Amino acid sequence: MEQGDHMVGSSIGLGRRTIRFASLLVVFIFLAVTGSTADSVVIAAPSVTTFSDPVSGMEFVPVPAGCFRMGDTYGDGQGDEKPAHEVCLNGFSMGKYEVTNAQYRLFKPGHNSGSYEGNSLNNDNQPVTNISWFDAVEYAKWLSYKSGRSYRLPTEAEWEYAARGGTSGRNFWGDDPAEACRHANGADLTAKRQWPDWTTTECNDGYKVAAAVGKFHPNGYGLYDIMGNAWEWTADWYDEEYYYNSPKDNPKGPPTGELKIPRGGGWANASECVRVSDRNGFPPEFRILFLGFRLVSP
1 MEQGDHMVGS SIGLGRRTIR FASLLVVFIF LAVTGSTADS VVIAAPSVTT
51 FSDPVSGMEF VPVPAGCFRM GDTYGDGQGD EKPAHEVCLN GFSMGKYEVT
101 NAQYRLFKPG HNSGSYEGNS LNNDNQPVTN ISWFDAVEYA KWLSYKSGRS
151 YRLPTEAEWE YAARGGTSGR NFWGDDPAEA CRHANGADLT AKRQWPDWTT
201 TECNDGYKVA AAVGKFHPNG YGLYDIMGNA WEWTADWYDE EYYYNSPKDN
251 PKGPPTGELK IPRGGGWANA SECVRVSDRN GFPPEFRILF LGFRLVSP
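What the sequence shown shows, in my numbering, is residues 1 to 298, in sequence order.
What the hints contain is simulated information worked out from the structure, not anything from laboratory work.
These numbers come from a predicted model, not from an experiment.
A few of these clues could be false.
[As the list claims (entries may be wrong)] Straight-line Cα separation of at most 30 Å, DSBU-like style, residue types lysine-lysine; simulated pairs:
id, residue 1, residue 2
1, Lys108, Lys146
2, Lys252, Lys82
3, Lys192, Lys108
4, Lys215, Lys192
5, Lys192, Lys141
6, Lys248, Lys108
7, Lys252, Lys108
8, Lys252, Lys141
9, Lys248, Lys141
10, Lys108, Lys82
11, Lys146, Lys252
12, Lys146, Lys215
The task is simple: from the sequences and hints, build the whole structure.
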């Protein structure tokens, strides 16, 4: 499969896919500290409602049942984003924001999301990062038990459908990458002032690293930071050819695999990654400074 500049900077091979990071130094810093080696949309009436989790205070908004074209609908995607295909989903509720450090520390009080070259990622209202897929799953189980309500990671299809927010283009704000800075926290000219070698989007979002959740414009479903800020784990295993075989109704990804799928891009990524159909794969035990999650409730 052709590999583009999926993430800014140096690359590390992970399974069958090359994952590119903002800087290889991010990985080295992380390892040293921890020792750890997204056509028209057919929308039905909402079947779920807005609510707040009683334990964490996490807000959830309804994502209505409907059908959409999943995959590269714009034309600048990679091979694993093709073919674009119709997917129909049941309605669900999704976290209005990414899970924050404060919300995660109700589960693991000592968790540290870290910092990057003097820029903290550990403030209460920033998205929790340095989170493995297993960590995210365990948090969902814990919160389900504590609250008496069912929570889980979104499927890849649920994530992309929600991220599109009722739109069908490159991103919910349109096809102009420069508009990203009003809607998503990615690698921008603010970051480039400190890291001039980074590839960045040619606009200013005002943040070098992760912003507190909710600082950018939401999409049509009222979801904040669904693009950028932190990559978000999904439930699915990664298969670069899955779209050729994906079922139409409520697909859940391959039954097995080696990599799990994060979506949405993060604070260290330019517009090449901050695209609604962009796909990636990480080992489920992997943690890094720009990888977090949000939850759904069926």
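Taking the hints in turn, this is what the structure says about them:
1. About 14 Å separates the Cα atoms of Lys108 and Lys146, which keeps this hinted pair within 30 Å; it holds.
2. Taking the CA atoms of Lys252 and Lys82, the gap is about 17 Å. The hint holds against a cut of 30 Å.
3. As the CA atoms of Lys192 and Lys108 are separated by approximately 33 Å, the hinted pair breaks the 30 Å bound.
4. In summary, the hint linking Lys215 to Lys192 is supported, as the alpha carbons are separated by about 20 Å, within the 30 Å threshold.
5. Distance check on the hinted pair: Lys192 and Lys141 sit about 39 Å apart at the alpha-carbon level, beyond 30 Å; violated.
6. Annotation: proposed proximity of Lys248 to Lys108 is violated, straight-line Cα distance about 38 Å (limit 30 Å).
7. Proximity of Lys252 to Lys108 is assessed by CA-CA distance (about 29 Å); at most 30 Å being required, the pair is judged to hold.
8. Among the hinted pairs, Lys252 with Lys141 is consistent with the structure: their alpha-carbon atoms are about 19 Å apart, no more than 30 Å.
9. With a C-alpha separation of about 28 Å, the suggested pair Lys248 and Lys141 falls inside the 30 Å cut-off, and the hint holds.
10. About 39 Å separates the Cα atoms of Lys108 and Lys82, which puts this hinted pair outside 30 Å; it is violated.
11. Between Lys146 and Lys252, the direct Cα distance comes to roughly 26 Å. Compliance with the 30 Å bound is thereby established for this hinted pair.
12. With a CA separation close to 29 Å, the supplied pair Lys146 and Lys215 stays within the 30 Å bound.
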